[in-house]
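Trainee: From first to last, the protein sequence lines stand for chains A and B.
Just so you know, we're using our numbering here: the first sequence kicks off at 94 and counts up by one.
Just so you know, we're using our numbering here: the second sequence kicks off at 20 and counts up by one.
By construction, these hints were calculated from the structure, which means they are not laboratory data.
Be aware that a few hints might be false.
Unchecked claim - Listed below are the simulated DSBU-like cross-link pairs for lysine-lysine, each with C-alpha atoms no more than 30 Å apart in a straight line:
1) 118/B x 96/A
2) 147/A x 346/A
3) 118/B x 302/A
4) 274/A x 96/A
5) 96/A x 199/B
6) 302/A x 274/A
7) 199/B x 346/A
8) 72/B x 236/B
9) 274/A x 296/A
10) 96/A x 302/A
11) 199/B x 101/A
12) 118/B x 101/A
13) 118/B x 199/B
Stated by the list, open to error - Over the 12 Å line for every Cβ pair with chain B, so calculated as not near, a few chain A residues:
14) 106
15) 118
16) 139
17) 142
18) 143
19) 147
20) 152
21) 238
22) 244
23) 317
24) 332
25) 333
26) 335
Claimed, not checked - Have a look at the derived ranges for each label pair, beta carbon to beta carbon:
27) 181/A x 118/B: 31 to 39 Å
28) 369/A x 199/B: 39 to 47 Å
29) 51/B x 290/A: 50 to 58 Å
30) 23/B x 333/A: 38 to 46 Å
31) 351/A x 272/B: 42 to 50 Å
32) 202/B x 275/A: 25 to 33 Å
33) 195/A x 251/B: 36 to 44 Å
34) 292/A x 202/B: 54 to 62 Å
35) 194/A x 77/B: 35 to 43 Å
36) 192/A x 145/B: 55 to 63 Å
37) 162/A x 66/B: 44 to 52 Å
38) 38/B x 333/A: 25 to 33 Å
Ideal Cβ placement from N, Cα and C applies to all residues, glycine included.
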Amino acid sequence: MDKTINQKAWFLVLPVFLVVAFSAVLPLMTVVNYSMQDTFGNNQFFWNGVGWFKELLDPSTDLGGRFLASLGRNLFFSLVILAIEVPLGIVVALSMPREGWTVAACLIILALPLLIPWNVVGTIWQIFGRPDIGLLGYVLNAIGIDYNYVSNEVDAWVTVIVMDVWHWTSLVALLCYAGLKSIPDAYYQAAQIDGASRWAVFKAIQLPKMNRVLLIAVLLRFMDSFMIYTEPFVVTGGGPGNSTTFVSIELVKIALGQFDLGKAAALSLVYNLIILIVCWIFYTVMTNAGVERKVQVESKPAVEPKPSAGLVPVPALKPKEGVA
Amino acid sequence: MHSIPGRRLIMALFLIFLLLPIYWLVNMSFKTNAEIVSTMTLWPHTPTLQHYKRIFTDESWYSGYINSLEYVVLNTIISISVALPAAYAFSRYRFLGDKHLFFWLLSNRMAPAAVYALPFFNLYSAIGLFDTPWAVALAHCIFNVPLAVWILEGFVSGVPREIDETAFLDGYSFPRFFIKILVPLIASGIGVAAFFCFMFSWVELLLARTLTSVQAKPIAAIMTRTVSAAGMDWGLLAAAGVLTIIPGALVIWFVRNYIARGFALGRV
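Could you build the full structure based on these sequences and the hints that come with them?
Mentor: As structure tokens, then:
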């Protein structure tokens with residue numbers, strides 16, 4: 094269905110535009126302003142040009158070293174949790190019960206971790222993992238594994254990753270489940286007649302049908318893990334040492350801890366730029382996937398033109414496309 | 020739907036994995052601090068309600084819940100009311116820059132809160148809203164308004180255009196059509212969008228903590244302060260945590276069938 098062109102629609106979008114511009118563009122201008130200056134307190138600012146950016150991208154300086162190290166850690170973290178959560182989410186979605194009250198029960202339990210405030214998620218795992226009072230830490234130590242997330246880097250990493258898997262795998266599972274539900278039974282019947290194996294059904298029917306939701310799941314999981322702050326901050330505080338300091342934690346440390354406005358602002362801009370680029374790639378892929386799907390849908394009536402006949406709008410009947 | 024072998028076992032294991040840490044939190048909230056520190060017990064041997072009693076009687080604790088609810092509700096109302104007309108416009112019309120605007124909104128949903136913490140602090144201090152629920156409510160609009168637009172756009176697109184056209188032919192004015200016909204038709208969509216605004220505002224801490232100091236301090240911030248300052252009152256911390264889970268657990272029942280759609284930004 095073609096949308097009508099109507100510039101007056103801008104009036105409808107205006108409130109959203111103003112609200113988001115107020116909370117996005119205005120602060121961003123401040124950030125750009127700060128990123129070019131240096132401050133020695135007392136609200137005295139000095140022009141620094143692109144100095145901060147140069148420092149930021151040069152690993153030999155203190156700022157650059159910290160930024161690039163945290164960026165590396167963050168990318169590694171995002172890749173690891175994507176590699177775990179996406180396959181696990183698909184498996185869980187495929188394991189959903191077919192009908193009855195268990196479906197609702199499973200959906201609600203799955204969604205539960207998503208609704209817990211992020212710092213409480215951190216608190217839960219902080220308590221759960223402690224060797225003295227937490228079930229997980231206590232059991233691990235009791236069976237002879239030396240586990241302490243406060244002092245051991247590997248343990249800290251494992252804790253943060255398991256926590257994220259606990260927190261967000263449900264999201265992937267729920268999205269995949271929604272994708273699976275949209276597959277008509279006829280597909281499966283056809284597969285059964287053809288004698289397709291379980292694996293073939295998954296590869297030829299289920300995976301392609303989950304394409305779109307999987308794309309959204311990967312986008313959301315990548316973005317949210319790339320800007321993760323609260324949960325690791327509560328559990329490990331970025332430590333031991335700097336081993337779980339991700340970009341957001343580093344940024345807040347510089348901005349609100351040291352009040353180093355220029356450095357923080359430069360870091361913010363680069364950080365935002367990375368997010369924007371990734372976001373744009375996903376958006377393009379997503380809209381293209383949408384167009385392909387539309388083309389498929391539209392090509393169907395060509396075979397049996399009957400259903401589309403009633404839907405063709407009569408141009409003369411269109412009212413003055415008035416917004417107001 | 021076709022499913023895989025051993026699915027019941029997989030599902031059961033995964034659900035246990037999800038519930039175990041939550042159980043441990045609930046378990047601890049009913050224990051006395053002496054029991055928590057001294058022995059490892061799988062359920063409270065001397066169950067107590069002292070931690071909950073403390074939260075409900077101490078104003079510095081329960082005011083945190085009220086503050087949190089205040090800005091969450093404000094934010095939900097603002098987000099939905101500005102997003103509704105925009106969702107209609109995106110769904111029905113093409114206009115100059117519509118695609119770019121839509122992408123710009125998405126990119127704001129993805130923007131890291133840490134980037135905005137400091138400028139928000141300056142901005143809301145400058146206009147005198149710092150430490151009020153309004154500051155947090157407006158700040159959370161940066162990710163909730165785009166989300167609401169995306170979800171509602173999906174629902175509005177599900178309403179056939181013929182309904183608009185018939186209504187206009189019947190002489191409905193645009194505002195009247197909007198309130199009398201469109202809003203009732205997408206009521207479930209509005210509910211879902213409201214739920215997601217509520218939820219994302221409820222779980223966010225970084226901005227809420229940065230923009231408040233005393234008067235409007237959210238419960239999440241009060242909890243973190245207790246962890247670092249007052250020794251380790253584990254039982255109290257656990258009880259406060261349990262109480263933050265309850266609102267989400269209650270409302271989830273109403274949106275259980277739409278939850279995937281909301282997370283998928285209305286694109287399922």
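Trainee: Checking against the hints above, which ones are violated?
Mentor: Of the numbered hints, 7, 14, 15, 23, 34 do not hold.
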